[in-house]
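Those sequence lines, one after another, are chains A and B. Count the first sequence with the numbering used here and you get residues 567 to 860, in order. Count the second sequence with the numbering used here and you get residues 567 to 860, in order.
Source of the hints: derived by calculation from the structure; they are not laboratory data. Incorrect hints may have been included.
One copy or any two copies: either way a pair holds, since identical chains are not told apart in the list.
Below, in silico cross-link-like pairs of lysine to any residue (SDA-like), each with a Cα-Cα straight-line distance of 25 Å or less [to be verified]:
1) Lys632 <-> Arg828
2) Lys667 <-> Tyr749
3) Lys632 <-> Cys608
4) Lys743 <-> Gln816
5) Lys632 <-> Val581
6) Lys632 <-> Glu836
7) Lys632 <-> Phe644
8) Lys632 <-> Glu773
9) Lys632 <-> Leu686
10) Lys667 <-> Gln685
11) Lys667 <-> Ala723
12) Lys772 <-> Leu744
13) Lys743 <-> Glu798
14) Lys772 <-> Thr569
15) Lys584 <-> Ile838
16) Lys632 <-> Val844
17) Lys667 <-> Glu845
18) Lys632 <-> Arg603
19) Lys743 <-> Pro729
20) Lys667 <-> Glu733
21) Lys772 <-> Pro691
2 protein chains.
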Amino acid sequence: MLTWSLYWTVRECLVTRKPIAVFDSGLGGLSVVRELRRSLSCEDIVYFGDTARVPYGIKSRRTVAKFALEDARFLLQFEPKLIVAACNTASALAMDELEEKLPVPVVGVVKPGARAAVQLADGAPVAVIGTEATISSGAYTAAIRTLSAQQEVIGQACPLFVPLVEEGRDSDDPIVKLTVETYLSSLREAGIHVIVLGCTHYPLLKEAIAEYLGPLVRIVESGRETAHAVREVLQRGENLCAEERTGTLQCHVSDNPTRFRRIGSRFLDEEIEHVELVEPEQYIASAASDRKEK
Amino acid sequence: MLTWSLYWTVRECLVTRKPIAVFDSGLGGLSVVRELRRSLSCEDIVYFGDTARVPYGIKSRRTVAKFALEDARFLLQFEPKLIVAACNTASALAMDELEEKLPVPVVGVVKPGARAAVQLADGAPVAVIGTEATISSGAYTAAIRTLSAQQEVIGQACPLFVPLVEEGRDSDDPIVKLTVETYLSSLREAGIHVIVLGCTHYPLLKEAIAEYLGPLVRIVESGRETAHAVREVLQRGENLCAEERTGTLQCHVSDNPTRFRRIGSRFLDEEIEHVELVEPEQYIASAASDRKEK
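Throw the hints in and build the complete structure from the sequences for me.
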């Protein structure tokens, strides 16, 4: 009996107490962290935001894959039990490479968002909105069609949404309302039932989007679905933390911690206590070797 | 007589034929190149756009200075006779460091813009619009006050203008019109006589800005003023090309040459023939050593 209890205590310390690592091109991934902290409150989280090279959404597949791998490898030093690619662009463009090259399970935001969309679609077209790179990659469409081969999917890039959110504009803002109308009018006309918010910034404009599309259109937040997917993966591996405690959050950025704290708290929905500035050598060098770490 | 003529021929080959190097965080600097090609048509130009790390306008002084120095040092391999920091953010945040560490004359866009603004102000307040980083640096205000100590200057960050332009929206676009009105209404009320377009993207929205502010407000394009400043520096050093030929343009980018060509041609006002993709080692490594090259 004692041995068994000792086994579980040691296991608790060795595996389940390891943190979940989350990376993003910048601060948007904090909206995914918010969902993780809500549904997996006792987990410790280590976050890396690549604010020196943000945004990824206008960059090439090759560059996004390189940056994403560097971000994830930086986080390996914290010995995470799982890595979340909270950035939609990175999930859309670099998931295969991340899964192949990282020694721990990786959860992206595209597949969970796609799964929820298919469950809600009910035969009507699904819309996916995201950055230029996410939409033109066709990753959401591919993920949705894997689950439901005939599903109609309409992609729409909404490049102004990120700067609108980062500037602090919310759903009541006239520029936001006009921009939402401009991007989404063709989706409304197409009679969509479901829209996937395929960018971590977009939940902050959810009200304006919901108001414009009307109450019959269901909104899928990829971040929220990702938190469910993380729980499933951890549960399957018996790595879920089950203690009665509030997990810690450690944030690291490659530039401008002050801006990260100021704007990021709106994404996280709580104050960000402390942010560590990471030097280029710490994340660029860590990816210099191209060896497979698996 | 022959010796004298030989001297000038050799000099022509050795100095005046050297290219002008221009760098920018991305493709915006092509609006400065356009002005250079108009007023200094026989000069060869080598351009580097750091499209892998664009934009600089939301980043810290430290990071912008590091990136700007890497960009400029990459261009040294072409043995330029002069380097233009076409990026307003880099000119605002890193000019001292560039001037100190580079072995050739450097012309930024802030001082030329400031000089033109002072000449036109006529006692009324001057407005400067630019990125978050340019405006909060206060660099334009400082440059203007050096020339005219009592000059009133009003800075206004316009973070949506860059993504609006990059998305291909022009002055007739309803979102552009509403955004212009939102950012500039307080400047109009303040009775400004002059507005400085302190970002290389903004000339593409000039019509909307002019229409909103009315015909009495003079618009200063920092890029155009910079071309005049480059001419003066080259003339002073007797390095101006005086041949009857059309100079070449060589473009290099750190990411996404296709997007650069597609969007960049609107800034340049001509097709971009060929763009070279530069590997990270070529520009990041070149700045690794911190030695003074002067």
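message: Run through the hints listed earlier and report the numbers of any the structure violates, in increasing order.
response: Numbers 2, 3, 4, 5, 6, 8, 9, 10, 11, 13, 14, 18 and 20, in rising order.
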